[in-house]
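2 protein chains.
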Amino acid sequence: MLSTMQDVPLLVSRILRHGMTIHAKSRVVTWTGAEPQRRTYAETGERTAQLAAALRDELGVTEGDRVATLMWNNGEHLEAYFAIPSMGAVLHTLNLRLPPEQLAWIINHAEDKVILVNGSLLPLLAPLLPGLKTVRHIVVVGPGDTSLLDGAEPAVHSYEDLLQGRPTDYDWPELDERSAAAMCYTSGTTGDPKGVVYSHRSIFLHCLQVNTAESMGLTDEDTCLPVVPMFHVNAWGLPHSAFMCGINLLMPDRFLQPAPLAEMIEAERPTYAAAVPTIWQGLLAELEANPRDVSSLQSVTIGGSACPPALMKAFEERHGIKVVQAWGMTETSPLGSVAHPPSGLTPDEAWPYRITQGRFPCLVEARLIGPDGDVKPWDGTSAGELEVRGPWIAGAYYGGPGGAELRPEDKFSPDGWLRTGDVGVITPDGYLTLTDRAKDVIKSGGEWISSVELENQLMGHPAVAEAAVVAVPDEKWGERPLATVVLKEGTTGVGYQELREFLSGRVARWQLPERWALIESVPKTSVGKFDKKVLRRQYAEGALDVTLLD
Amino acid sequence: MLSTMQDVPLLVSRILRHGMTIHAKSRVVTWTGAEPQRRTYAETGERTAQLAAALRDELGVTEGDRVATLMWNNGEHLEAYFAIPSMGAVLHTLNLRLPPEQLAWIINHAEDKVILVNGSLLPLLAPLLPGLKTVRHIVVVGPGDTSLLDGAEPAVHSYEDLLQGRPTDYDWPELDERSAAAMCYTSGTTGDPKGVVYSHRSIFLHCLQVNTAESMGLTDEDTCLPVVPMFHVNAWGLPHSAFMCGINLLMPDRFLQPAPLAEMIEAERPTYAAAVPTIWQGLLAELEANPRDVSSLQSVTIGGSACPPALMKAFEERHGIKVVQAWGMTETSPLGSVAHPPSGLTPDEAWPYRITQGRFPCLVEARLIGPDGDVKPWDGTSAGELEVRGPWIAGAYYGGPGGAELRPEDKFSPDGWLRTGDVGVITPDGYLTLTDRAKDVIKSGGEWISSVELENQLMGHPAVAEAAVVAVPDEKWGERPLATVVLKEGTTGVGYQELREFLSGRVARWQLPERWALIESVPKTSVGKFDKKVLRRQYAEGALDVTLLD
Numbered sequence: 001m002l003s004t005m006q007d008v009p010l011l012v013s014r015i016l017r018h019g020m021t022i023h024a025k026s027r028v029v030t031w032t033g034a035e036p037q038r039r040t041y042a043e044t045g046e047r048t049a050q051l052a053a054a055l056r057d058e059l060g061v062t063e064g065d066r067v068a069t070l071m072w073n074n075g076e077h078l079e080a081y082f083a084i085p086s087m088g089a090v091l092h093t094l095n096l097r098l099p100p101e102q103l104a105w106i107i108n109h110a111e112d113k114v115i116l117v118n119g120s121l122l123p124l125l126a127p128l129l130p131g132l133k134t135v136r137h138i139v140v141v142g143p144g145d146t147s148l149l150d151g152a153e154p155a156v157h158s159y160e161d162l163l164q165g166r167p168t169d170y171d172w173p174e175l176d177e178r179s180a181a182a183m184c185y186t187s188g189t190t191g192d193p194k195g196v197v198y199s200h201r202s203i204f205l206h207c208l209q210v211n212t213a214e215s216m217g218l219t220d221e222d223t224c225l226p227v228v229p230m231f232h233v234n235a236w237g238l239p240h241s242a243f244m245c246g247i248n249l250l251m252p253d254r255f256l257q258p259a260p261l262a263e264m265i266e267a268e269r270p271t272y273a274a275a276v277p278t279i280w281q282g283l284l285a286e287l288e289a290n291p292r293d294v295s296s297l298q299s300v301t302i303g304g305s306a307c308p309p310a311l312m313k314a315f316e317e318r319h320g321i322k323v324v325q326a327w328g329m330t331e332t333s334p335l336g337s338v339a340h341p342p343s344g345l346t347p348d349e350a351w352p353y354r355i356t357q358g359r360f361p362c363l364v365e366a367r368l369i370g371p372d373g374d375v376k377p378w379d380g381t382s383a384g385e386l387e388v389r390g391p392w393i394a395g396a397y398y399g400g401p402g403g404a405e406l407r408p409e410d411k412f413s414p415d416g417w418l419r420t421g422d423v424g425v426i427t428p429d430g431y432l433t434l435t436d437r438a439k440d441v442i443k444s445g446g447e448w449i450s451s452v453e454l455e456n457q458l459m460g461h462p463a464v465a466e467a468a469v470v471a472v473p474d475e476k477w478g479e480r481p482l483a484t485v486v487l488k489e490g491t492t493g494v495g496y497q498e499l500r501e502f503l504s505g506r507v508a509r510w511q512l513p514e515r516w517a518l519i520e521s522v523p524k525t526s527v528g529k530f531d532k533k534v535l536r537r538q539y540a541e542g543a544l545d546v547t548l549l550d
Numbered sequence: 001m002l003s004t005m006q007d008v009p010l011l012v013s014r015i016l017r018h019g020m021t022i023h024a025k026s027r028v029v030t031w032t033g034a035e036p037q038r039r040t041y042a043e044t045g046e047r048t049a050q051l052a053a054a055l056r057d058e059l060g061v062t063e064g065d066r067v068a069t070l071m072w073n074n075g076e077h078l079e080a081y082f083a084i085p086s087m088g089a090v091l092h093t094l095n096l097r098l099p100p101e102q103l104a105w106i107i108n109h110a111e112d113k114v115i116l117v118n119g120s121l122l123p124l125l126a127p128l129l130p131g132l133k134t135v136r137h138i139v140v141v142g143p144g145d146t147s148l149l150d151g152a153e154p155a156v157h158s159y160e161d162l163l164q165g166r167p168t169d170y171d172w173p174e175l176d177e178r179s180a181a182a183m184c185y186t187s188g189t190t191g192d193p194k195g196v197v198y199s200h201r202s203i204f205l206h207c208l209q210v211n212t213a214e215s216m217g218l219t220d221e222d223t224c225l226p227v228v229p230m231f232h233v234n235a236w237g238l239p240h241s242a243f244m245c246g247i248n249l250l251m252p253d254r255f256l257q258p259a260p261l262a263e264m265i266e267a268e269r270p271t272y273a274a275a276v277p278t279i280w281q282g283l284l285a286e287l288e289a290n291p292r293d294v295s296s297l298q299s300v301t302i303g304g305s306a307c308p309p310a311l312m313k314a315f316e317e318r319h320g321i322k323v324v325q326a327w328g329m330t331e332t333s334p335l336g337s338v339a340h341p342p343s344g345l346t347p348d349e350a351w352p353y354r355i356t357q358g359r360f361p362c363l364v365e366a367r368l369i370g371p372d373g374d375v376k377p378w379d380g381t382s383a384g385e386l387e388v389r390g391p392w393i394a395g396a397y398y399g400g401p402g403g404a405e406l407r408p409e410d411k412f413s414p415d416g417w418l419r420t421g422d423v424g425v426i427t428p429d430g431y432l433t434l435t436d437r438a439k440d441v442i443k444s445g446g447e448w449i450s451s452v453e454l455e456n457q458l459m460g461h462p463a464v465a466e467a468a469v470v471a472v473p474d475e476k477w478g479e480r481p482l483a484t485v486v487l488k489e490g491t492t493g494v495g496y497q498e499l500r501e502f503l504s505g506r507v508a509r510w511q512l513p514e515r516w517a518l519i520e521s522v523p524k525t526s527v528g529k530f531d532k533k534v535l536r537r538q539y540a541e542g543a544l545d546v547t548l549l550d
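Protein chains in written order, with UniProt numbering: chain X, 1 to 550; chain A, 1 to 550.
Careful: at least some of the hints might be erroneous.
One copy or two, it doesn't matter: identical chains are merged, so the pair holds either way.
What the hints assert, rightly or not - Straight-line distance between alpha carbons at most 35 angstroms, and here's what the computed DSBU-like set of lysine-lysine pairs gives:
| id | residue 1 | residue 2 |
| --- | --- | --- |
| 1 | K376 | K25 |
| 2 | K376 | K532 |
| 3 | K322 | K25 |
| 4 | K532 | K25 |
| 5 | K411 | K25 |
| 6 | K313 | K376 |
| 7 | K133 | K25 |
| 8 | K322 | K533 |
| 9 | K524 | K411 |
| 10 | K529 | K25 |
Treat the hints as calculated values from the structure; they're not laboratory data.
No experiment lies behind these values; they were computed from the predicted model shown.
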């Protein structure tokens, strides 16, 4: 039986129109280091229409074309966020922190036709130009050394010149809500980057959920400081969500160091902010050294990586700022879980919930898959790889898997769920705690052993400087842990038996390693993480001096 | 270009699963007059699965079948709200306040197969049974005089007996999100009732919006008292929204009189409530007479008809309860507009916004259409008929228009917008004020004259007991107002000229009526409203003694 409801697609242009009319007076303030740039949502909407007209009429952008941005968080990037999807093109946000060769690879893979670039980022873009195969236009936003583009093959334009004099309204097309609106590449540690393509539908539903109290609960009485970059998973959805709910925006542009962040918070008084833990760590230290009035901030969302509990406590106790942890990834738009505690608890009761990755908002479904493909219960102890499903979660990558190393089944289950690559547990009331990356767990007799847990425990022994635990093949159990240990300088007389004794009170008996090796130092990746691939290879090649305990 | 997002339909079953897992401990409390009935969301979810199994396995309900409810707001009605749509059948809520013959007409028109009925409502249902053509099963919920059903043709079942022993989970089907989930008939003043069929998609999107701060901003820290009946536009979406956000529910069942309402508020301490103005009027009077502690209530939504500002003030000043006005109709699911003031205003500045019908939430688009079909500006003074568009707004009626009197073009524009039949103005910042029903405005020279405004002004004259203004044909202007006046008893010597003088300082000159008639009394409908059809007929037949002023 059919419903009698109107068939109205969920489009980014609807968010835009809503924001610029119902929340016409809400403000977009961009920090400039001098006098901030101030625009209303109505003005932003008019400039958005001008940008779309320029892209269509001057640069020949048509539906489906990829238009990239290499930009900081600012008012013009916000205009691009609305203009490009609303006109039917695809917003491709470029991560300016990637190595240049990856950036070029991504631009070519996405077949970007236009790049909007902040003038301050021309030194990053200019050297890439000779290697770009599809880019026809460079649009320079704000001041910068445009001489760097002299002799470039793509045509070079000034953003403001392009907008100048164009009509301030645009007849946004009625698109299919499942068509592409934006894309973002993950910078995976293995293989080539992988493109995630968001639809109008996924962005719209994600924004609606972000605006509910289960997630961020944004309101037009608030001012949001998105420190999380707009080149990183759509700044967690905040720019689009803002136009839906009317929250004011304070854009930090390139001023992401602790001192200017503290200064803009004092001056513009945001009530809400979002960033990765390192930003907050830096801000906390800055405020200790140079106190500022940051009392406007009521709550902040921390995501991107797990937040140290001490950091959460410090913000709350010293500054009265409530820290809410959230988990997600490029493939999840990124809203995956938010650590709001259950209602009605005392602060002490709530604390254990708040340091988890949180619970799943409506439209994110989750399950834990054990080593043998079995679905694990939500009992707070059974570990499994987290798989998620929902309308804003990727079911594939752009153009197929991103490299020879990746098979589709590594990332997506046969029934279409995303394999997150994270291992954890879920409590009966739905709180997720992630403990390991799937590639770092040891599959032993149908159960998982956490290498990270074993390492942390081992490193608690006074004689141990570093410890890395990797899976090695075992005839009986499938895999078993190999413990590689670096002793502190000058340590003598500490045997494997003693270390195993030490562990045995701290982890389950069946998790205790039989295989042990002393090493000089743990091999590390370029960013300083344990490089376990190297250890596994050394073990396979017999290059480690392994002792087998009973 | 296609997105890489998962294609996950928006289904009521997803709301159910979310509520019963993530918000497993949230509570559904049903007032009984004695010890309240208490269940968790988890228990409610399990009973929902049992109900669906019973409907499928015992009563033969299949996808698309209409299952009606004739029930109060209670835990079992909530179970029906989730079980029926989730299994792919269509929840048809029956308005127990309708005249019996309309109820029978509606049941036959919808071709209901099953009726779930509260035992206390059997005296209403039993007499209808001989006239029902499609109903095969009656399921009696709660205590009641089932002997009233003796000899009934449909099979009679006990709700609890049906659920007993059935499995507490159900493999909910993956339906098309555009398929029918629920239906509700409008009790229009003209013609037969008209069926509105909500889809899974429309319910889902509506719920997401209800849960944002632009609308109700519900959270799991709150407890909601939905006084608005679940047989009336899905209780404004609150039951479904509750499972999405985890807000606790306090169900009033049949105890809708002021005294038990005050009692349950004091006992169960809801923080939020929703009802039509008359309920609040009654509660206010009750609290004056019999004070109760209602301090738990922080905010209430009032809709259904315009709320008297004095009532809003009284609740705020005497009880500290914030009243938020909202507008909608059966055809709009019903969220159409909510009167949250713009942010940053003082209470005095906010007040004029709060007594409007409010502003449109994201996904409700609105326009005003003037008498000549022209779109009127949002300038706060240009009046037009309100037309709305959005994914939870009706674009047709079930089975076509509901009677000979109604042509589709009376209710829907050629481009698919809903014609609300309400006339009003919208301010530049998007606040709607409704002034008239479209059928009561006078179309004069391309502008509209409000008959209600003229009547209200005329009734301000000390000699006037009642006044009704209707449109009559005019060669030059199309239509002009005819003022019919009932003078107060014993009044003499008041002429039409004097009344027109009185009006001339109060309305625009071109709106002043030329045609006047004294009448004995204004004809009224059965519910006491002015029956203007009669006046127009009397005028057309020359039955009124009309004086024409220059």
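Using 35 angstroms as the alpha-carbon threshold, which applies to K376 and K532: within, between, both, or neither?
-> within (27 angstroms within a copy, 68 angstroms between copies)
Can you give me the call for K411 and K25, within, between, both or neither, at a CA distance of at most 35 angstroms?
-> between (44 angstroms within a copy, 34 angstroms between copies)
Check K524 against K411 for me: Cα-Cα at most 35 angstroms, and say if that holds within a copy, between copies, both or neither.
-> For K524 and K411, only the intra-copy Cα distance (25 angstroms) is at most 35 angstroms; the inter-copy one is 69 angstroms.
Given a CA cutoff of 35 angstroms, do K532 and K25 count as a within-copy pair, a between-copy pair, both, or neither?
-> neither (54 angstroms within a copy, 42 angstroms between copies)
Intra- versus inter-subunit Cα pairing at 35 angstroms for K133 with K25 = neither (42 angstroms within a copy, 56 angstroms between copies)
If the cutoff is 35 angstroms on CA atoms, where do K322 and K25 land: within, between, both or neither? Let me know, please.
-> both (28 angstroms within a copy, 24 angstroms between copies)
Have a look at K313 and K376 and pick one of within, between, both or neither, based on CA distance no larger than 35 angstroms.
-> Classified as within; 32 angstroms inside a copy, 55 angstroms across copies.
For K322 vs K533, is the C-alpha pair at or below 35 angstroms within one copy, between two copies, both, or neither?
-> Intra 39 angstroms, inter 61 angstroms, cutoff 35 angstroms: neither.
Between the shortest in-copy and the shortest cross-copy C-alpha distance, which are at most 35 angstroms for K376 and K25: within, between, both, or neither?
-> Classified as between: cross-chain Cα gap 21 angstroms, same-chain 50 angstroms, threshold 35 angstroms.
When no copy is specified for K529 and K25, does a C-alpha distance of 35 angstroms or less occur within a copy, between copies, both, or neither?
-> Cα proximity of K529 and K25: none, with 47 angstroms in one copy and 41 angstroms across.
In terms of the numbered hints stated before, the structure departs from hints 4, 7, 8, 10, listed from lowest to highest.
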